[in-house]
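Here the protein sequences line up with chains A and B, keeping their order. Taking our numbering, the leading residue of the first sequence gets -5, the next gets one more, and so forth. Taking our numbering, the leading residue of the second sequence gets 77, the next gets one more, and so forth.
Do not rely on the hints blindly, as some may be mistaken.
Stated by the list, open to error - In silico lysine-lysine, DSSO-like type, Cα no more than 30 Å apart, as pairs:
1. 151/B to 124/B
2. 107/B to 124/B
3. 66/A to 107/B
4. 107/B to 151/B
5. 124/B to 66/A
6. 151/B to 66/A
As the list claims (entries may be wrong) - Computed beta-carbon distance windows for the label pairs:
7. 112/B to 290/A: 54 to 64 Å
8. 95/B to 90/A: 23 to 33 Å
9. 224/A to 112/B: 44 to 54 Å
10. 152/B to 203/A: 14 to 24 Å
11. 91/B to 58/A: 36 to 46 Å
12. 172/A to 152/B: 29 to 39 Å
No lab work stands behind these hints, which were simulated from the structure alone. Predicted model, so just to flag it, every value in this text is computed and none were measured. C-beta: ideal position from N, C-alpha, C; glycine also.
Each chain is listed here by its residues.
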Amino acid sequence: MSRAAALRDIAVTGLGVVSPAGLDVAENWQRVLTGTSTAATDTELAGLPVDFSCRIPGFDPAAHFAPGEVWKLDRATQLALVAARQAVADAGLDPATWDGARVGVVIGTSMGGIGSLEREARTMLEEGPGWISPLVWVMSPVNMLAAQIGMDLGARGPNLVTATACASGPTAVGLGRELLASGACDIVIAGGADAPVTPMTMAGLAQMGALSTRTDDPATASRPFDAGRDGMVVAEAAGMLVLERAADAQARRAAVWATVLGFGSSADAYHASAPDPSGRGVEQAVRAALSDAGLTPGEVDHVNAHGSSTPLNDVTEAAVLRRVLGDRPLVTSTKGVTGHALGAAGAIETVYTALALRHGLVPPTANCDSPDPAVDIDVVAQAPRRAPLEVATTNSFGFGGQNGVLVLARA
Amino acid sequence: MSGIEARVSDILTQRFGIPAGLIAEGQPLNKLGIDSLVAVELTLVLRKALGVAVEPGEITSDHTPAEIAELVAAKGASVQ
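Model the full structure from these sequences, guided by the hints.
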C-alpha cells in the first residue's frame, strides 16, 4: 500500500450516541437490535396534524451541564456535547492533556438551534424587539454546534459544520477524514446533531407530505421498505465518532471500532425535496464511495440504508442498491427504530454500522412486516441476522438531493 | 439584604443557575460566570420580573448584585 493510501485509512477509535434508542452506545445497540420503534405521541406537538415523534426518553441536561451553563445551550448543542464527550472518553483520550491545536471538530446538522430560533421569533412577534435575547446568536446558528464542542473539549484545530440536510453526518465524517489524510489534524471529532422536533418544523414537514400520518398508532409509523409505509417520523439525536489515522491509532494501541475506507458525495440536481426517481445521483455517490475505498461492489456485505420510510425514497434507494450491489448485502434501516434524526441520522447510523461490523450482527428493520414487492434486496427484518461482515456502507440522502455514502471496514 | 437585593439574588439563582453562596460574596457578575451577553439577558429578565424600565447596557457584568439591586430600586422597583 502506498503512503498516500495508508494515510487515507482512518480508524474510528471512539463512539458516542444519544438518541431515542438510548443514552449511550450500549443502550442504543441493545435497542436497535430489538427492532422496536421508539415513536410515540408527543405532547409538545398537540393540536398539529402529525403529533408524534421520536424523543430521547430520560435525557437530563442537568446531569451533564452546570446550572449556569445549561440554559445557554440549545437542545441540539446539549445532545452534541454529551455524545462528543462520550466518544472522546471511549477513545481513551484526555482533553486535559492532548494538543488541542491538532484536534479538529466537524459536525453535521440540518436545523442547528432551531428550537431557540423559533422561541425568539415568537417573542419578536408577541413582545417586540426589546425583549429579544442576545443569546439567540449563541443558541441558534448552526456553527455553534462545532464551536461549543471546541470550547468544551479544548479542540482548537479546524472547527467546521457541514449542512447537507440529512446527509450532514456522513459529510462530516468524510470531511473529517480529509483533514486527517491531509495532515491538518491528528484527531477529529466528527458526527451530527439535530433537535428538530419543534411545532414549526413539524408543521412544515406535515404540509410537505413528508411525514407518516399514522397518528392512531405511532409505533408502527416508521416502516422502511414495508409496503404500508407512508412517510418519515422525525427524531432528535446526536452521534459522534473520534477519527484518527489508522497508523496513529495503532501506535498508541487504541481500540478500533472500524476503519473508514471511503466517502462519496453527489447531488441529484433534480428537485428541492423529492429524490430523483432514476436514482442517478444516489448511484453516483455509492460508486464514488466504493471507488474512493478501492473496493468493488461485490465486496459489500452490509448496508445501513437511508431507508427513510417515505414511499419514494425506499423504492428508489432499493433499486440503486440492487443495480449496483446486487442482492448480496444484508440491508437494514435503523430508522424503523430511531425515526429520522435529519442531520444526526447519518451520524448515528455510522455508529450503528461500526457496531454491526464489530459484532457481525445486522439489526432488523422495525415494522418491515410486508416488504414492498418493488424492493428487490435482502432487507433484514423481524430479528437480527448474524453474518461475517467485512465491509459495510451507510447511505444518507438529504432534501435538495444532497447524497453522502461512507464505506467502513471491520477493524 | 434589602427585599430587592434578595429578589435579584433569587433571579440569579433560579433563572441563571448561580449558586446563592457565590452571590453572597458580593463579587461582580463577571466573577459569577456572567458575561456581557448574559448581562443583557439578565436586564430583560429583571425588566419583566420587576416591571422597571431598565435598558440593555445599564446593567453590565462589572456590577455586583447589590449594585444591580440599587439600580433597579432607583428606577422604582419594589417588592411586596
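Each hint tested on the structure:
1. 151/B to 124/B: Since the Cα atoms of residue 151/B and residue 124/B sit roughly 13 Å apart, the hinted pair holds (cutoff 30 Å).
2. 107/B to 124/B: The hint holds at about 24 Å.
3. 66/A to 107/B: Satisfied, since the Cα-Cα distance of roughly 17 Å is no more than 30 Å.
4. 107/B to 151/B: The hint holds at about 25 Å.
5. 124/B to 66/A: holds (19 Å)
6. 151/B to 66/A: holds (28 Å)
7. 112/B to 290/A: 54 to 64 Å: holds (58 Å)
8. 95/B to 90/A: 23 to 33 Å: Given a distance of about 24 Å, which is inside 23 to 33 Å, the answer is holds.
9. 224/A to 112/B: 44 to 54 Å: holds (50 Å)
10. 152/B to 203/A: 14 to 24 Å: violated (54 Å)
11. 91/B to 58/A: 36 to 46 Å: Given about 19 Å between the Cβ atoms, the range is violated.
12. 172/A to 152/B: 29 to 39 Å: Violated, since residue 172/A and residue 152/B (Cβ atoms, about 60 Å apart) do not stay within the stated range.
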